[in-house]
Structure formats: structure tokens, C-alpha cells
Amino acid sequence: MASVEECERAFHGLAAKLAGADPTARQKASLDRSLSCTLRDLKVIFAGQLRDGELLDIRQVDKADAQVRMTMTSDDLLKLVAGDLPMASAWATGRVKIDASVFDLLKLRSVF
Numbered sequence: 016m017a018s019v020e021e022c023e024r025a026f027h028g029l030a031a032k033l034a035g036a037d038p039t040a041r042q043k044a045s046l047d048r049s050l051s052c053t054l055r056d057l058k059v060i061f062a063g064q065l066r067d068g069e070l071l072d073i074r075q076v077d078k079a080d081a082q083v084r085m086t087m088t089s090d091d092l093l094k095l096v097a098g099d100l101p102m103a104s105a106w107a108t109g110r111v112k113i114d115a116s117v118f119d120l121l122k123l124r125s126v127f
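In my numbering, the protein residues as written are 16 to 127.
Calculated directly from the structure, the hints in this document are not laboratory data. It is possible that some hints are incorrect.
[What the hints assert, rightly or not] With a cut-off of at most 25 Å between alpha-carbon atoms, the simulated DSS-like pairs for lysine-lysine come out as follows: (1) K32 <-> K122; (2) K94 <-> K32; (3) K94 <-> K122; (4) K112 <-> K32; (5) K58 <-> K78; (6) K78 <-> K112; (7) K58 <-> K94.
[What the hints assert, rightly or not] Cβ-Cβ distance ranges computed for the label pairs, FRET-style: (8) A103 <-> Q82: 15 to 25 Å; (9) V59 <-> T39: 25 to 35 Å; (10) L71 <-> R124: 12 to 22 Å; (11) D37 <-> L121: 35 to 45 Å; (12) R74 <-> K32: 31 to 41 Å.
Every residue gets a Cβ at the ideal spot worked out from N, C-alpha and C, and that includes glycine.
Required output: the full structure, derived from the provided sequences and hints.
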């Protein structure tokens with residue numbers, strides 16, 4: 016099980032990766048949606064804002080009431096961000112649960 020600090024660093028790493036992506040890649044990830052990620056094993060929820068291909072305002076929250084809600088374990092979060100776990104297979108096997116519109120699901124593929 017990863018620590019809360021490792022997970023927060025992973026989110027900030029994802030934010031940096033998105034911010035440093037070329038404009039074409041950022042356009043593919045262009046959404047204006049609130050995002051939350053519940054880490055089941057840590058009982059922690061992180062939230063942020065996906066806007067113009069960037070992940071902004073990352074913080075811990077008490078409630079997962081975002082437009083895009085993800086649920087996973089802390090280890091799976093680290094693997095997703097590192098590129099060691101493909102989002103499509105994690106979602107298909109139930110390791111990652113996503114509550115979002117179909118349009119948002121398609122856009123999220125380019126984020127992870």
C-alpha cells in the first residue's frame with residue numbers, strides 16, 4: 016500500500032506531465048471537469064480540476080462529488096501514473112472504477 020504522500024506526489028507528477036505535454040496531446044485531454052479519486056485502501060479522496068489539458072488545484076477533500084469520479088487502490092494509482100498499468104485494462108477488470116459520461120471516458124484515455 017502506497018502512502019498518502021506518495022499518492023499526492025503521483026497526482027502532482029501527473030499534473031506536471033500534462034502541463035509539459037505538447038499542445039496536440041494537451042488538446043486531446045482538454046476537458047473542463049472536476050475530478051475526484053477515492054483511494055479505497057487509504058480512505059482518502061483527492062480532487063482537482065481538469066482544464067485545458069491541465070490538472071489544477073490538487074487537494075484532499077472529504078466528499079467525492081466531482082463530475083468525474085474515480086475509485087482505485089493507492090498502488091494502482093501509482094502504477095497508472097507511472098504508465099505500468101494501462102487505464103483501459105484496469106477499468107475493464109474492475110481495478111479502477113470511473114463514474115463519468117461516455118464523452119469524458121473517451122477523453123480520459125489520453126490522460127493516463
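Consistency of beta-carbon spacing, K32 to R74, with hint 31 to 41 Å: Violated: the Cβ-Cβ distance is about 19 Å, outside 31 to 41 Å.
Range hint 35 to 45 Å (beta carbons of D37 and L121) holds or violated: Given about 20 Å between the Cβ atoms, the range is violated.
Distance restraint between K94 and K122, which requires alpha-carbon spacing of 25 Å or less: holds (19 Å)
Consistency of beta-carbon spacing, T39 to V59, with hint 25 to 35 Å: holds (33 Å)
Distance restraint hint 15 to 25 Å, applied to the beta-carbon atoms of A103 and Q82: The hinted range 15 to 25 Å holds for A103 and Q82, with Cβ atoms some 21 Å apart.
Distance restraint between K78 and K112, which requires alpha-carbon spacing of 25 Å or less: Measuring from Cα to Cα gives roughly 16 Å; hence the hint holds.
Pair hint K112 and K32, alpha-carbon separation not exceeding 25 Å: holds (23 Å)
Proposed proximity, K122 with K32 (alpha carbon, max 25 Å): holds (16 Å)
Pair hint K58 and K94, alpha-carbon separation not exceeding 25 Å: holds (18 Å)
Beta-carbon spacing of L71 to R124 - inside the hinted bounds 12 to 22 Å or not: This hint holds: roughly 20 Å between Cβ atoms.
Holds or violated: K58 to K78, with C-alpha atoms at most 25 Å apart: At roughly 11 Å apart (the allowed maximum being 25 Å), K78 and K58 satisfy the hint.
Distance restraint between K94 and K32, which requires alpha-carbon spacing of 25 Å or less: Since the Cα atoms of K94 and K32 sit roughly 15 Å apart, the hinted pair holds (cutoff 25 Å).
Checked against the numbered hints listed earlier, the structure breaks hints 11, 12; every other hint is satisfied.
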